[in-house]
Amino acid sequence: MSGEWPLWEIFIRGQHGLNHRHVGSLHAPDAEMAVKHARDVYTRRNEGVSIWVVRSAAITASSPSEKGPLFEPSNSKVYRHPTFFDIPEDVGKM
Amino acid sequence: MYAQMVKSEATNEDPEKLAAFQARIDAGEKIEPKEWMPEGYRKTLIRQIGQHAHSEIVGQLPEGNWITRAPTLERKAILLAKVQDEAGHGLYLYCAAETLGVSRDELTEALLSGKMKYSSIFNYPTLNWADIGAVGWLVDGAAIMNQVPLQRTSFGPYSRAMIRICKEESFHQRQGYDIMMKMAQGTPEQKAMAQDALNRFWYPSLMMFGPSDKDSVHSAQSMAWKIKINTNDELRQKFVDQTVPQAEYLGLTIPDPDLRWNEEKGGYDFSEPDWSEFFEVIKGNGPCNAERMEARQKAWDDGAWFREGLMAHAAKRAARKIAAE
Ligand SMILES: [Fe+2]
Ligand SMILES: [Fe+2]
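The listed protein sequences correspond, in order, to chains F and H. In this text, residue positions in the first sequence follow my numbering: the first is 6, and each later residue adds one. In this text, residue positions in the second sequence follow my numbering: the first is 1129, and each later residue adds one.
Isolated chain H (complex conformation) (with noise of 0.2 Å):
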């Protein structure tokens, strides 16, 4: 999801105290900040927390790729506030993780040197405004469908970031949704760039909830603790089984010939993305990631002079305040 593969931390604790964690937990009690926590919980929710803000924030890349160039200034001024609330969920989720005592500077340098990732979706291009429709529409709902019951999550300040984002999130689905309604429904050439857009972007989406976990020890623990609550292939399926109609709908077709519903288990079959390429672009060699990345060192860098001149402006104003008094 917008946070894949994240690993769980062992944890050697007091298996009393670890006991009466886990009862808390099943009891449906939140997790706050300053309460005990075993140090494997905490490094796991850092990683999976801040991988999401990652996202957040790098996910701005692709559709800022836009901003520009919308068809209308209707179209732009939506997509702007799109990206805009975007911004604000990488900082809901960096606040949040700043909870766990990890500092924002440490997060995005730890971004930066490669060591902590963001989700594999940002790292294919938008090849033109089709594209924002298809990520709005597939992306984002991919992103919803895991977000949604991660408002229940244990740690408290993960939980109250998610329901603020969730709020927010149902704009940023129907607003693509709405772009691929007027292509779909456009001239022939125009529901051509919405076919291609969602035979691009259909596998990426897929793989956004990361490979099968049902076997995973990481997942087991994560689940356990309440981090995270359902499966990958859960998310998936029900994904596949809601965004299929919406494809109906539009008259798109979804680029898998063995799509078929199965009555039996009241879902549709459907086949896998290639995870050779997912392991590929999470090493670092999808189409974008360089510049991705290229585009995130740029902002730190060049945003140096001005952090640091507003820190200089605030010192000088408290030094002259003080003086005064």
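Chain F extracted, bound-state conformation (with noise of 0.2 Å):
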């Protein structure tokens, strides 16, 4: 077994309500551990009110190639915005 620290992703709320965003990533050999480096590392000037971390290896990501299939599709389906649909001023906001 490798002796080196796993690697952690880190995501910080930045201010109450607000959701967790990615921030970066760090090595740390356990969660305890990478909360107590993210805190260093990361909010150093008071930048969030509750730290996540996720070990990077339990991510899974989509890959840039299939950038296409997954996304492309929603291209052509504008009228998911409400911009689509042309509705007169006179009967307020909608």
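Just so you know, the hints here were simulated from the structure itself, not pulled from any lab data. Every value quoted in this text rests on a predicted model; they were computed, and no experiment measured them. Be a bit skeptical, because a hint or two may be false.
To be verified - Under 8 Å between C-beta atoms, here's a sample of chain F residues computed to sit facing chain H: (1) His21; (2) Gly22; (3) Asn24; (4) Ser55; (5) Lys82; (6) Arg85; (7) His86; (8) Phe90; (9) Ile92; (10) Pro93; (11) Asp95; (12) Val96; (13) Gly97; (14) Met99.
Note that CB positions come from ideal geometry on N, CA and C, so glycine has one too.
Put the two chains together into one complex, using the hints given.
This is the structure we're talking about:
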């Protein structure tokens, strides 16, 4: 077994009510240490109210080559945007 | 609303903790899943968010009814996208409820056993294409009235789900109004269909906000906790004030002979819906309650082999991966 600390992905909630956002990664021997390190690395200027850490190995990502098949189909579905419909201004905000 | 008549749960916990919790809410802080919260707050939220989620899911049925019969391919694609959004809304909300310690299956089973409710509005039938216009315009319109203030609710996951949902709702209401405009500007028969749809959906839409709760203790507790932001009457009034000019633009008549502008209050006076009808619908005696529950039960039963099959497949693949390592 390699003695190298595993990689962790760090998510910080910047403010009450917001989603946690990915800010970067770091190495740590376990989850508890990862939180401590994340505190030191990513919140030195009071950037957060909460930290999540996730083992990088536990993240499954879509591959860049799948971009077309994954996201292009929504390009043709312009009607999902409210501006697709011409609603007269007289009827108020809708 | 999508959550109607949600009873708040009594809470008897350490008064000091309760006061500190209330102070956080009053200061506009969000409560997050792993933080301390009163049992009553947690239970009331599960009930409200769960009911809201069930409404999104059951709400797909009356509209899904017209997907195969939409008048054009474009209208069909649009309606399909709208109904697909509602499925997404259900999922956002179920996930928010699950952060409170209830499982997805528990929520589904509570719906199917009748222990949990969904909005009364979805127990009315969609008889023709004009109804699809009326649903988008009025039902999504009423839902938006309720959901916009809920973006500020005190529970973080609920608030964030609402923000996502509100971004998507505008499309829903506009596609409905767009259908109504087409119908109202069409042949006399089409216009009559639009009027008929408005006639049938007007009072059930007003019922969506629930009976007056200005004297309700449940409502007072939920408002203190910022689980509820406005009274039912406030939201209903706002909805009427917003909708009447939209009906006028269409050249349609709100089916209420007592509807009139009240200069003093700066809003319309209008007739209350028939609340005895509302309570019958809530009890299960609306025109489509049995049909809706049958459809949900069938989807749950027919989907069982599929859910189990995919789990078995995932377990097999995981085992193979371990064996290969
Ligand atoms: Fe929705
Ligand atoms: Fe909607």
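Hint-by-hint comparison with the structure:
| no. | hint | result |
| --- | --- | --- |
| 1 | His21 | holds (5 Å) |
| 2 | Gly22 | holds (4 Å) |
| 3 | Asn24 | holds (6 Å) |
| 4 | Ser55 | holds (7 Å) |
| 5 | Lys82 | holds (6 Å) |
| 6 | Arg85 | holds (5 Å) |
| 7 | His86 | holds (7 Å) |
| 8 | Phe90 | holds (4 Å) |
| 9 | Ile92 | holds (5 Å) |
| 10 | Pro93 | holds (7 Å) |
| 11 | Asp95 | holds (6 Å) |
| 12 | Val96 | holds (5 Å) |
| 13 | Gly97 | holds (6 Å) |
| 14 | Met99 | holds (5 Å) |
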